Amino acid sequence: MILRAQGLRKAYGRLQAVDDVSLEIAAGEIFGLLGPNGAGKTTVIKMICTLTRADAGTVRINGHDIRSHALQARGALAVVPQENNLDGELSVVDNLRIYAALRRVSVAPNRIRQVIGEFGLEDKARVPVQKLSGGQKRRVMIARVMLAEPELILLDEPTLGLDPSIRREIWNIIMQIRQRGTAILLTTHYTDEAESLCDRVAIMSRGRIRHCGTPQELVAAAGSFVLETAAADGCRVFRLFGDRDAIAREIGMEPPSGQYTVRAARLEDVVAAVETGS
Amino acid sequence: MNRFVDLILGIRAVLLREMLLLKVKVGRFGYVFYSLMSPLIYLAAFGFGFGSRVRFDGVAYELFLIQGLICMTSMNNAYNLVMTSVSFGRLSSKSFQSLITAPVSPVAIMAGLVLSGMLRGFIAALVIVGAGTLLFGVFALSWLSVLALLLNLMFFASLGVVVGLMIRDMESSALIMNFFIMPMSFFSGTFFPIDSLPGVLRGIVTLFPLAHTNIIMRAPALDKPVLVSVLVLLLATLMAGGAGVRAMSRYSE
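Chains as they are written, first to last, in our numbering: chain A, 1 to 278; chain B, 1001 to 1253.
Do not rely on the hints blindly, as some may be mistaken.
Claimed, not checked - Derived DSS-like pairs (lysine-lysine); straight-line CA-CA distance at most 25 angstroms:
{"no.": "1", "chain 1": "A", "residue 1": "137", "chain 2": "B", "residue 2": "1025"}
{"no.": "2", "chain 1": "B", "residue 1": "1094", "chain 2": "B", "residue 2": "1025"}
{"no.": "3", "chain 1": "B", "residue 1": "1094", "chain 2": "A", "residue 2": "137"}
{"no.": "4", "chain 1": "B", "residue 1": "1023", "chain 2": "A", "residue 2": "124"}
{"no.": "5", "chain 1": "B", "residue 1": "1224", "chain 2": "A", "residue 2": "124"}
{"no.": "6", "chain 1": "B", "residue 1": "1224", "chain 2": "A", "residue 2": "131"}
{"no.": "7", "chain 1": "A", "residue 1": "131", "chain 2": "B", "residue 2": "1023"}
{"no.": "8", "chain 1": "A", "residue 1": "124", "chain 2": "A", "residue 2": "137"}
{"no.": "9", "chain 1": "A", "residue 1": "137", "chain 2": "B", "residue 2": "1224"}
{"no.": "10", "chain 1": "B", "residue 1": "1023", "chain 2": "A", "residue 2": "137"}
{"no.": "11", "chain 1": "B", "residue 1": "1023", "chain 2": "B", "residue 2": "1094"}
{"no.": "12", "chain 1": "B", "residue 1": "1025", "chain 2": "A", "residue 2": "131"}
Simulated from the structure, these hints should not be mistaken for lab results.
Note that the structure is a prediction, hence the values are computed from the model and not measured.
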């Protein structure tokens, strides 16, 4: 396992942001932490990358404990945070130079040229980062971590606030990174992103992992079909069922007053069910 | 051996970042004005105003003033620029995260930041030395004043890292500037001897590191002992450096 986190806890005052979170990620795997804002996903990422101290729990990266062997653990991982943390006044190439120096990338000038080419940043190489668009900054942040070819990359909401076309572009980059054998832990609150990219997904809510498995397993475990009905106030109500017969029995016993539809369940239905506790 | 190489490479990486940021900033008029115009105005105004008429302990005021301004300017530049770099990187641009999550030891990060502050402060001090020589024909540096300058730079750059790591918002930096750095600038013997101050105030001022920098800086001209001041500055630097490494090791967002 590239990453082994056990019993992570973190509280901010009275708020228990993360409560007993454990997860393991294998080489080349994309693991998603899926959940709404405030679920504790970013706090988990920050604890793994040593930016935030956990109140309890352990994290080992490639066998290195992040507390007792912090430098070795940090050397094996790279993080792309949710917020842009590049030096805005500096050019793309200068940001890459600094990162290469911090990570002791050998033959850095060649590697920087290579990465700039791979990420299509040739025409932006000398441009100050603060003049780039949101999507371009995100591309630079991912390009930067690829300089050192880490074994594990933490991506915190990699497509948050991006246009659909740029989201697709970032997805392609993530898939290409996986093909190199790099493990990825990504957080997202987009269920389509988790379904498209992740081998396994953990659904987080109020600081805890509620369910974990492949997207298909999660849907199957929660119920493969959804009965969608209209409530008296016009709101749509969703209920998950294991099969169509169960829905038929439900409708037979208590026919919906308005229109209803039956459809195959999606990951977003599972997440919504977890959130509402239904 | 490996640890030493790691340390040097870590320091080099942090220094590279700070120097690239400095290169961008130096091109801006406001930055140079902020860093150097105030001391140059003090130098011209007080130097021309009192220079030929005032002597302290037999020392011409021009020399006294230039040496005081070297101490003050080096302090301001080393402290302010490191403190701003760390606090802005932590609280605003978030770029400090790149340092803290890199496989670089807290000692290397601390040393890299302190060296960058020392370098900036040293350049600013050299500008004052040059201006003093040009305007008043006084060359204010001796080997002892270079020692004073280096100790001063090391202490205030270390203090800059500590404050930059501790403050919770950018407004707090103004508070520390107004209640600690600025009074220290004016009362620690930059413009007049500490002996002119009333007893209680003089007692407080002798606790200020800048006062000891001034004592060492002027020791050759005033023929005063410097050992205590050197020890005070060394101790203060060790304490600030230790506090900085500790804060860096325990850093948590």
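So if I understand the rule, the pair passes when the alpha-carbon distance is 25 angstroms or less; does residue 1224 of chain B with residue 131 of chain A pass? violated (55 angstroms)
- With a cut-off of 25 angstroms on the C-alpha distance, tell me whether residue 137 of chain A and residue 1224 of chain B pass. Violated, because 58 angstroms separates the two Cα atoms, which is more than 25 angstroms.
**Message:** Hint check: residue 1224 of chain B vs residue 124 of chain A, CA-CA at most 25 angstroms. Holds or violated?
**Reply:** The given pair, whose Cα atoms are some 59 angstroms apart, is violated under the 25 angstroms limit.
*asked:* Between the alpha carbons of residue 1023 of chain B and residue 124 of chain A, is the straight-line distance 25 angstroms or under?
replied: holds (19 angstroms)
Given the hinted pair residue 137 of chain A and residue 1025 of chain B, is their alpha-carbon gap at most 25 angstroms?
-> holds (21 angstroms)
(Q) For residue 1023 of chain B and residue 137 of chain A, compute the direct alpha-carbon distance and say whether it is at most 25 angstroms. (A) Holds, at roughly 22 angstroms.
Check your understanding: Holds or violated: residue 124 of chain A with residue 137 of chain A, Cα cutoff 25 angstroms?
Key -> holds (10 angstroms)
For the pair supplied as a hint, residue 1094 of chain B and residue 137 of chain A, confirm whether the alpha-carbon distance does not exceed 25 angstroms. Distance of about 14 angstroms is within 25 angstroms: holds.
Requested in this report: Compare the distance between the alpha carbons of residue 1025 of chain B and residue 131 of chain A with 25 angstroms, and conclude whether the hinted pair is satisfied.
Outcome: Holds: residue 1025 of chain B and residue 131 of chain A sit about 16 angstroms apart, inside 25 angstroms.
**Q.** Straight-line alpha-carbon gap residue 131 of chain A to residue 1023 of chain B, limit 25 angstroms
**A.** holds (18 angstroms)
Check your understanding: Does residue 1094 of chain B lie within 25 angstroms of residue 1023 of chain B when you go C-alpha to C-alpha?
Key -> At roughly 20 angstroms apart (the allowed maximum being 25 angstroms), residue 1094 of chain B and residue 1023 of chain B satisfy the hint.
What's the verdict on residue 1094 of chain B and residue 1025 of chain B, does the C-alpha distance respect the 25 angstroms limit or exceed it?
holds (18 angstroms)
Going through the hint list in order, the structure does not satisfy hints 5, 6 and 9.
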